[in-house]
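> Sequence lines, in order, name chains A and B. According to our numbering, the first sequence is numbered sequentially starting from 36. According to our numbering, the second sequence is numbered sequentially starting from 24.
To be clear, the hints were calculated from the coordinates, so they are not data collected in a lab. Since the model is a prediction, treat every value here as computed from it, not as a measurement. Note that beta-carbon positions come from the ideal geometry of N, C-alpha and C, so glycine has one too. No false leads were mixed into what you were given.
Computed from the model, here is a short list of chain B residues facing chain A with C-beta under 8 Å:
#1 Met24
#2 Asn32
#3 Pro486
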Amino acid sequence: MAIIEVVNVDKIYNDSEVKVTALSNINLKVEKGEFTAIVGPSGSGKTTLLNLLGGLDTPTNGKIRVGDVWLNELKGSKLIDFRLRNIGFVFQSYNLIPVLTAGENVELIMQLQGVPAKLRKQVAADMLGKVGLADRINSRPAKLSGGQQQRVAVARALASKPQFILADEPTANLDGKAAENLLQIMEQLNQTEGVTFIFSTHDQRVVSRARRVIQLEDGKIKSDFLQ
Amino acid sequence: MLVSLSWRNVWRNPTRSMVVVVAVALGLWGGVTAMALINGWVKQRIADSIQNEISHIQIHNPDFLLNEEVDKTFNFDSVAATLESTEGIVGFSGRLKVFAMAQTDRANSGLVVLGVRPGSERSISGIPNKLILGSFLEGDFNTPSIVLGKKAAEELKLVTYELTDSIIQKFSAKEPKLSMEIQKLSGKRYKSRSDFIKALKWVLEPTLFNQYSEPIADSCISFRLNGPVVLTFQTSSGELHSEMFRVRGIYRTSNTAFDARMAYVNFENIASAVNIQPGHVHEIAILCKGNTEAVNIAEVLSAAHKNLSVRSWNEISPEIALYAAFGDFMGMIYVVIILFALAFGIINTMMMSVLERYREFGMLMAIGMNRSRVFSMIMMESVFLTLTGGVAGILLSTGFIRIFARTGIDFGMWAEGFEAIGYSSVVYPEITISNYLLITFLVIATGILASLWPARRALKLNPMQALRVE
Ligand SMILES: Nc1ncnc2c1ncn2[C@@H]1O[C@H](COP(=O)(O)OP(=O)(O)OP(=O)(O)O)[C@@H](O)[C@H]1O
Ligand SMILES: [Mg+2]
Numbered sequence: 036m037a038i039i040e041v042v043n044v045d046k047i048y049n050d051s052e053v054k055v056t057a058l059s060n061i062n063l064k065v066e067k068g069e070f071t072a073i074v075g076p077s078g079s080g081k082t083t084l085l086n087l088l089g090g091l092d093t094p095t096n097g098k099i100r101v102g103d104v105w106l107n108e109l110k111g112s113k114l115i116d117f118r119l120r121n122i123g124f125v126f127q128s129y130n131l132i133p134v135l136t137a138g139e140n141v142e143l144i145m146q147l148q149g150v151p152a153k154l155r156k157q158v159a160a161d162m163l164g165k166v167g168l169a170d171r172i173n174s175r176p177a178k179l180s181g182g183q184q185q186r187v188a189v190a191r192a193l194a195s196k197p198q199f200i201l202a203d204e205p206t207a208n209l210d211g212k213a214a215e216n217l218l219q220i221m222e223q224l225n226q227t228e229g230v231t232f233i234f235s236t237h238d239q240r241v242v243s244r245a246r247r248v249i250q251l252e253d254g255k256i257k258s259d260f261l262q
Numbered sequence: 024m025l026v027s028l029s030w031r032n033v034w035r036n037p038t039r040s041m042v043v044v045v046a047v048a049l050g051l052w053g054g055v056t057a058m059a060l061i062n063g064w065v066k067q068r069i070a071d072s073i074q075n076e077i078s079h080i081q082i083h084n085p086d087f088l089l090n091e092e093v094d095k096t097f098n099f100d101s102v103a104a105t106l107e108s109t110e111g112i113v114g115f116s117g118r119l120k121v122f123a124m125a126q127t128d129r130a131n132s133g134l135v136v137l138g139v140r141p142g143s144e145r146s147i148s149g150i151p152n153k154l155i156l157g158s159f160l161e162g163d164f165n166t167p168s169i170v171l172g173k174k175a176a177e178e179l180k181l182v183t184y185e186l187t188d189s190i191i192q193k194f195s196a197k198e199p200k201l202s203m204e205i206q207k208l209s210g211k212r213y214k215s216r217s218d219f220i221k222a223l224k225w226v227l228e229p230t231l232f233n234q235y236s237e238p239i240a241d242s243c244i245s246f247r248l249n250g251p252v253v254l255t256f257q258t259s260s261g262e263l264h265s266e267m268f269r270v271r272g273i274y275r276t277s278n279t280a281f282d283a284r285m286a287y288v289n290f291e292n293i294a295s296a297v298n299i300q301p302g303h304v305h306e307i308a309i310l311c312k313g314n315t316e317a318v319n320i321a322e323v324l325s326a327a328h329k330n331l332s333v334r335s336w337n338e339i340s341p342e343i344a345l346y347a348a349f350g351d352f353m354g355m356i357y358v359v360i361i362l363f364a365l366a367f368g369i370i371n372t373m374m375m376s377v378l379e380r381y382r383e384f385g386m387l388m389a390i391g392m393n394r395s396r397v398f399s400m401i402m403m404e405s406v407f408l409t410l411t412g413g414v415a416g417i418l419l420s421t422g423f424i425r426i427f428a429r430t431g432i433d434f435g436m437w438a439e440g441f442e443a444i445g446y447s448s449v450v451y452p453e454i455t456i457s458n459y460l461l462i463t464f465l466v467i468a469t470g471i472l473a474s475l476w477p478a479r480r481a482l483k484l485n486p487m488q489a490l491r492v493e
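Isolated chain A (complex conformation) (with noise of 0.2 Å):
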C-alpha cells in the first residue's frame, strides 16, 4: 500500500478579496522508499502541496491519506501529534532553536517523543554522524554554515523515525556546493536507508538527482515521470 494517498484534492485560497485556486484535482500516491521531487514554476502550487502532505494545512475538496490515516480525520493537538511521530520536516530556513547546540536540537524532537534521555543522546549522535557532523554535535547553529544547519535539519527529521520526510526547498538558501552535498546525502539515506524524501526545488540540478519529477503548472499535475 502506498504511503501517501492523495484523492481528488483542491486547495482554494478564499481569504482575501480574489480567490486563488492553489491546487485544483489533484490525484497522486507515494511509494515506501521514494526519492521524489515536486518541481514547477514560482506559484505552481509546491509549497501548498507540500504542506496538505504534512498536514500543516487543509484541503478545500479532496482528502489524503498518510500510512492508514486520513488526515481530515485529526483535529487539533491529535494532528500535531500525528505530525511528530510520522512526518519529517526540513524547511528552508529557521528549521533550528539558536540556543540549542545542533545534537540538542536533534535532541529536542526526541524528548517531544516521549524517548528516554540516554537513548535520546545517543541517537543524536549516531544521526549526526550520518550526515556527516558528528564533530558539531556541540556547536549552535550561528556557528555552522547554512549547508551545514540543513543537514543538521535533516539529522533532526531521520530521529523522529518519521514515514517520510518533507523538505520545502531546502537548498534554496545554498550554494551550488552546498546544495550537491546535502542532496548527495539525502540520496545516501534513500538509497541504504530506504528513507522517503519528497522535496520541492527550483533547482534543475537537483531535479536531476531526484527518481521521481512531478511537475505543477498553475496548481495541476502538468506531468509525472521517473527518470
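Place chain B with the ligands on chain A using the hints.
Chain B with the ligands alone, transformed into the frame defined by chain A:
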C-alpha cells in the same frame, strides 16, 4: 531539556531580561521595605502607647468615665488582691487622675495630673525612664514635686536661655566671625526666647543674625528645674484648691500631644488636695506580659469585678488596633501598585520575545510541539525571569531589613511632623515571614499572569503562515 531551553531563552536578550530582573528585584524590595516600615512604625506606636500612655488594662469606676468627676473613685485594696493572684500581670499602679490649671510666673495651661506612687508607677510605665532632666517623684522635699512633659514645660515657659562657653565654641567653629560678637552675651540668662533673640540682634550683624539667631537660641535652651508651678484643682466638694509644686523632672516621649498634657505628682499630694476617700483611687493601670494575653486577662478581671469598668488596650484606644489593620492595608496598596508596574514590564518583554520568535514557534509547532508545551515553555520563561528577579529582590530586602532593623532608619528631618502625630522619627523596619511569603508569591503570580497574554499570542499562530517565506 525543556527547562534548560526555557532558561536559555530567557537569556537570549540579556539586556532586556536584566532590565526586567532588576525591575522585579527593586519592586520586591520596595514592596517589602514599605511593608516593613509601616509594620515597624505601627508596632512601635502600639508599644510606645501601651508603655507610656495607656498601659495594657485600665480599671475605673464606670461613672468616672463619663465626666471624670473627682468623687467617682473605687476601693483599691479589693482589686489589688485579685491582681496579686492573677497570672500574667507584670505590675499595676493605683492612680488619681484630676484635671488642673497650671500656672507659672509667665504662663498657664491645662494639665491632666496623675497622682501616683513612684514605685508602682515604675513597674508599669516607661515615663520614669524617659526623663531628659531631673528625676522622678522619689525625692523627699518640703514643697511637693511635679514631673512634666517637655512640651508642657515649654508652654509654661519653664525655660531659660543662656550662652555657655561650649555653645560659643561650637558656633565659632562653624563661623569664626561669630566668636567675638556672641562672646558679649556669655554668662547672661534670659527668661524668654524673645528677650534672648533681641539680645542676639543687638550684638550680631544682620546677615549673621538672620542665619544663626534661631539655631543659637535652640541650643541655648535649658529648663528651670525646681521652678514653681501652681496647680489649681476642684475638690470633691466642688471648691477650688491651689497648691504650689516644684518641677523635679522633665520627660519626653515621641508623642508631643501627650507630653503637653500629662503631669505626674505624688499620690498623697492629690489625695489630700482634692479630698479623696482613704484607700480609694480613680484608676488602676496594669501592665501584662503580652498584648494578646492582656485582652484575656481583662475579661477575667471584668468577670471578677462586675461593678467596675475593666478595659484592655484595644478598647481604651481602638484607633491603635485600627492602625495595625490600616498599616497592612496601606502596605498592600503600595505593593499592588508596584505589581501593576511590574506586570506591564513583563508583558512588554515577553511580548517582544514571543514576536521575535514567531517563526521559531511556527517551526516547533510544525514539527510536532503541541500547544500546551509551547504554552508551558513561555510560562516557564516568565517564571524564570521573575524568579531570578525575585531571588535578587529577596536578598536585597533581607539584607536591607537586617541592617536597619538593628540601627533603625532615622527620618530626623521630619521628626517634628512625625512626633506631632505621635510617631517616633526613628523606625525599625520589621516584617513577618507570612507577609514576606505573600509578597514573594504575589510577585511570581504577577510574572505568570503577565505572560498569559503573550503566551496566548504564540498559541494563536498558524505554523504554516508563520513559516511562509516572503
Ligand atoms: N496563505 C495563502 N493565502 C492566499 N494565497 C496563497 C496562500 N499561500 C499561497 N497562496 C497562493 O497560492 C498559489 C500557490 O502558492 P505556493 O506557495 O504553493 O507556490 P510555490 O510553487 O510554492 O511557489 P514558490 O516557488 O514561489 O515557493 C500562489 O498563487 C500563492 O500566491
Ligand atoms: Mg514555495
